[in-house]
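J.: Given the structure of chain V, go ahead and fit chains X, U and D onto it with the hints provided.
Protein chains: 4
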Amino acid sequence: MRPLRLGMVGGGPGAGIAPAHRRAARLDDRFVVVAGAFSRNADANRQMGEELRIAPDRVYADFSAMAAAEASRADGIECVAVVTPNDTHAPASLAFIRNGIDVICDKPMANSLAEAIAVEKAAAERGVLFALTHNYSAYPMVAEARHQVQTGALGAIRVVAVEYAQGTRNRLLEAEGDAKMAWRVNSAVAGPSTVLGDIGTHAHHLMRRITGLEIATLSAELSAMVPGRAADDNAQVNMRLGGGARGMMWCSMVAAGNGHGLRIRVFGEKASLHWDQERPDELHLRADNAPYRTLRRGEAYLCEAARHLSRTKTGNPEGYFGAFANLYADAAEVIGARREGRFPNPNAASFATARDGVIAMKFIEAAVASHRNGGAWTDATLAG
Amino acid sequence: MRPLRLGMVGGGPGAGIAPAHRRAARLDDRFVVVAGAFSRNADANRQMGEELRIAPDRVYADFSAMAAAEASRADGIECVAVVTPNDTHAPASLAFIRNGIDVICDKPMANSLAEAIAVEKAAAERGVLFALTHNYSAYPMVAEARHQVQTGALGAIRVVAVEYAQGTRNRLLEAEGDAKMAWRVNSAVAGPSTVLGDIGTHAHHLMRRITGLEIATLSAELSAMVPGRAADDNAQVNMRLGGGARGMMWCSMVAAGNGHGLRIRVFGEKASLHWDQERPDELHLRADNAPYRTLRRGEAYLCEAARHLSRTKTGNPEGYFGAFANLYADAAEVIGARREGRFPNPNAASFATARDGVIAMKFIEAAVASHRNGGAWTDATLAG
Amino acid sequence: MRPLRLGMVGGGPGAGIAPAHRRAARLDDRFVVVAGAFSRNADANRQMGEELRIAPDRVYADFSAMAAAEASRADGIECVAVVTPNDTHAPASLAFIRNGIDVICDKPMANSLAEAIAVEKAAAERGVLFALTHNYSAYPMVAEARHQVQTGALGAIRVVAVEYAQGTRNRLLEAEGDAKMAWRVNSAVAGPSTVLGDIGTHAHHLMRRITGLEIATLSAELSAMVPGRAADDNAQVNMRLGGGARGMMWCSMVAAGNGHGLRIRVFGEKASLHWDQERPDELHLRADNAPYRTLRRGEAYLCEAARHLSRTKTGNPEGYFGAFANLYADAAEVIGARREGRFPNPNAASFATARDGVIAMKFIEAAVASHRNGGAWTDATLAG
Amino acid sequence: MRPLRLGMVGGGPGAGIAPAHRRAARLDDRFVVVAGAFSRNADANRQMGEELRIAPDRVYADFSAMAAAEASRADGIECVAVVTPNDTHAPASLAFIRNGIDVICDKPMANSLAEAIAVEKAAAERGVLFALTHNYSAYPMVAEARHQVQTGALGAIRVVAVEYAQGTRNRLLEAEGDAKMAWRVNSAVAGPSTVLGDIGTHAHHLMRRITGLEIATLSAELSAMVPGRAADDNAQVNMRLGGGARGMMWCSMVAAGNGHGLRIRVFGEKASLHWDQERPDELHLRADNAPYRTLRRGEAYLCEAARHLSRTKTGNPEGYFGAFANLYADAAEVIGARREGRFPNPNAASFATARDGVIAMKFIEAAVASHRNGGAWTDATLAG
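Order-wise, the sequence lines are chains V, X, U and D.
Using my numbering, the first residue of the first sequence is number 9, and each one after it goes up by one.
Using my numbering, the first residue of the second sequence is number 9, and each one after it goes up by one.
Using my numbering, the first residue of the third sequence is number 9, and each one after it goes up by one.
Using my numbering, the first residue of the fourth sequence is number 9, and each one after it goes up by one.
Misleading hints may appear alongside valid ones.
EDC-like, lysine to aspartate or glutamate: derived pairs with alpha carbons at most 20 angstroms apart [as the list claims (entries may be wrong)]: (1) K321/U x D186/X; (2) K321/U x E312/X; (3) K321/D x D186/V; (4) K321/X x E286/U.
Keep in mind the hints are simulated off the structure, nothing from the lab.
Model, not experiment: these values are computed from the prediction.
Only chain V is shown next, with the shape it has when bound in the complex:
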């Protein structure tokens, strides 16, 4: 299978997440980057084009020009990766969608619920893929966790505890010249909640991915813990979930020494599951009347979806690169299948969808509303 032609919006020199996208695209040899609008700075843009050996005429000044030009080429890009700051996610995605080009977009999907709905609608109308890179949900053992829930190993879910708490932004970096932090605390760029938009959406998607439960109502406390910070950096959210379950989410940028900090625990009437992104190849299943069990990536006893997301034998940690590449490989499979007029591999589903992105924006808006209303229980359903 030949690799798909990929374009990239964002990801100039010094960008944070773009190298991870490029390695993910490359690892399984399913994409080759052939065009880009990497930076609004012309020099930086050209420099990145050269580093990636892109033909100079395919290094564009902005995403609009790129979408138009590439759509008109016979050898134009088949897919674009959008890896810009948050406020460009929706407009850039729309530009490519409208030109019939499939989109892989970093999270969050948009800066408002309304924007997200517009992107979802456009993609549906144009019949292109909109894939959101909640890369932490693309680990094999997350698929296994979902499978365990679906097949009843836990029984009815009673309590979910998810957290994504880090400490690396536990001082006023935005006043120390940190450009990434500067836009993250600027709600015009980062959206209505800094901490929920940046990392809360990962925790939110992971919870939904594994449990299949949606939030009915929530009670949120958002705080700015670093003195002088103009945006929230700590969120505590209590949730009432579908089926009567309770949930707790903690997202933080001030959790000193907490490492990566994304982990989830799901407690059911029969057993619980425990997963930590820092040890992603292990899934723990625990009940009170039986030995604790640890399931491991790469083993034959795992579900088909987990095995689909794994490349090497157990014990060799695949890590972050493997999970991120799963998203790209699955997107390539789905895009390739449509282009070839065949059914895709049904397991090629590790990426988040436009619907997932829309629900996440609703979650953020409900949390902000609850916080402003003294922690009042607030509807988080799309109908609401």
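T.: Same frame as chain V, but now just chains X, U and D:
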């Protein structure tokens, strides 16, 4: 030093926590049990007296008779351990306090704030010790954690996450003939919140012990997760703490497969600390710009208070028996010092005080009030 | 059941292991110390007698006087604990055995195979108990490990890896005034191998206890790693075990930062088991085609022998005190049964026997011989 | 920097390690595969060529034809990866070396010491790179471990314990149609020791990489533990190392349930270090008189060599793909520098050299000789 003469109220055959109290009293040879009112059932009472080799005339039908009789003997008990269901804690304590006998009481201190205040007042007036057995706070590494906070290793505290979540009562045991569970879900016996009275007070005291912070206001969600249960078995409490810190507490009886489940994490501006009762000999200190550190019980680099609570060299786990015995040894030291007219060892402070017990009752009442009021932020200070 | 009257040889002020013996005797209320020959130093001897509230006429100058006098008293000791340096283990044990007094002795049993055989023979002839305190083998999860092997969970054993490696004696303590280390490196007191006599016998017994396998031949390398040290402090032993299995033992006093350092892994044709004294409440069972399993102390699914050795519910670590007390409780049960003319609880078997001690002495002598012979494979069977 | 043109010998459909090599070459975009002799089976060879989109005229029937043809093309390969069974490593490497083409070769270097020396000599004479893929030694935290030893954090090394023990070949796979196992137990293909050639060389290199110590003499026990197996599958090697240190190596194919199983511990006079391939982002440093420390990949406090081998921030596990890619990236850097006439990055040194491969072959031959000689201590130095 001769052992103190100890009496016991409660702790008949089949009782839960009483054998732990007796082993704790015995381990360091600071107490000998010489009297008791073990059970309201006369046969059970006599049987336990024989098992413990108590003189028959010192096995009493009830705590009132015991308090009066022992107070009048020259060789009467010097201290009593109260290990009954919750509703007897305060009345039994009062009976002995009024007879000038020191009291070691299981948690919670009382079934209401008013009761707790009455006990505190009586003990102060009579000049006797009231020691509450928050045994999980008596581990050496909890003392070290407190020391690390006090000496500034974490800087100002930003977020505290404490939880005590177990799964062993994750079905309707009270309908299956479980006598202990039956009284625990009966608010007349167990107090206003089942889960907070039973285990929440341990989490609450651990948080206060380590951080030195008090709760200003809280927002609570109390739930009965097991179908058919008449009392709360799951509590999620968001807290605003002294100094502007935020806190989260989760206490649960439905956390399937979660083992013992008491752990705490404290995040400050410089570093965090992490402690888990299942691995009590380890204290983790973590910062983002330095290697993670694990401090271990029994080492010479620990603070004096931690070394005071430790008996054996590092690597030999002292565990639950060691911690529980610390409470008794420290109570014996304080009681012995007063009787001998000397200053006690200043490190003999691992037990909780009457004031701690009073604050815990206020916490429970505030949490119940917040929950009934839709999670509204509620004052939890004693002034409030 | 009334406690047995216990005497103690050794254990004067500052002694290492004696307080552990005393706490172990006390924890389950099965013994009361009423006599002793605690120290050869008369002042220290008297001082310890006072501390333990022993009648002055039962504090003896030496074990011979004590054995004779106690045997002639109607209320004489029923059992003695020998907790002296190694060279006194056999002579003191013999003195009490010959007076019909049961013996609980610290390891190693003796300083030579011949001595050990003499003690075993004397105990058998006199019909008294000789119990050796390999306390690390008395943990509940060691009993469960043994049960798993016996019931075939591992299949035939292929490889055993046991180690007991510590770092606390990783400098020349014996030249710094450390009295305990001074006698440990003196072969006249400590026996033919310092490291094997002190800690190697624990590793050896643990391996035999769990696997049921005996060493056929061994190849040993004994080294003195600390410059200036006159005795071995590091041992590497390759073993050919019964049934064709292979074994490796590493014992060391120079393993800097290794904590307590006793752990064992047993690999069979079907699965392996893993146990570490620093986390004694967990037993890991692992196979390649199934989830890893962790069995936990206190659970109902454990074997009867494991449940017999456990006092509290899972999650509350019982630790070192619990295990050491198991030895004493089981010895009390066996002694009590004989005195009462009844069968003992068949699970009261956590202590090591005279036979175990004899086999350990053979192991040490074979290892020393192999080392002196350039690592030649050397017979370690008692017949050999 | 444009990617180097890479050829591949071996790695046909179903091959084990070849996909890892290809992903490693691709991850950092430093190589592109343009030629190959993938399989001796013509169909399989052609099929793999198509899968990798290689021009049909550059898919060769054997490595000799490939070496000659590619050397004569202006756009010929600049480097070759040899990923065949062991017996082809040396002959294939020689063919390319003699044509001036740089070689990246899977381990072991050869099937005999003599062969290995011949390859080393040829590469030196022709001035080309011979890089051996001991990928497990290319983790960032292995570089940090080496740095800690070199800068004296451990003091003089006293004991090294390294092991690589797996259980996945713990039954007679070679009799069940497993083609890879069939050649591994055939000494004509796999060399003089199955277990040492396959995995022992990884353990051996890791030990040398971190400690800088060479083996002086060794005493080995090699065993065939699976009934019916014609080759060794378990090795226990005691070592006397440079500077008087002692070493232990255990390599096994029969360690049921042991996962990947490569780990190392190094004990010095001041502290020890501990590293496990299954948690490769952590390096543990432990001393007896200080808190244990855990160093983590991605942190600024690590040595330059460790930071050089790392791509993402701490907490996102880079795993196996990252480490393997380090070897390829460093080889590309060294090759590129020579071709461009510049000095390479001095940190580009994660691959093993021809000298490392030669020393490993001497190790294997000494171990086999010792075993055949009853475990006699045997010289393992190259002079010997």
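J.: Going back to the hint list, which numbers does this structure go against?
T.: 2
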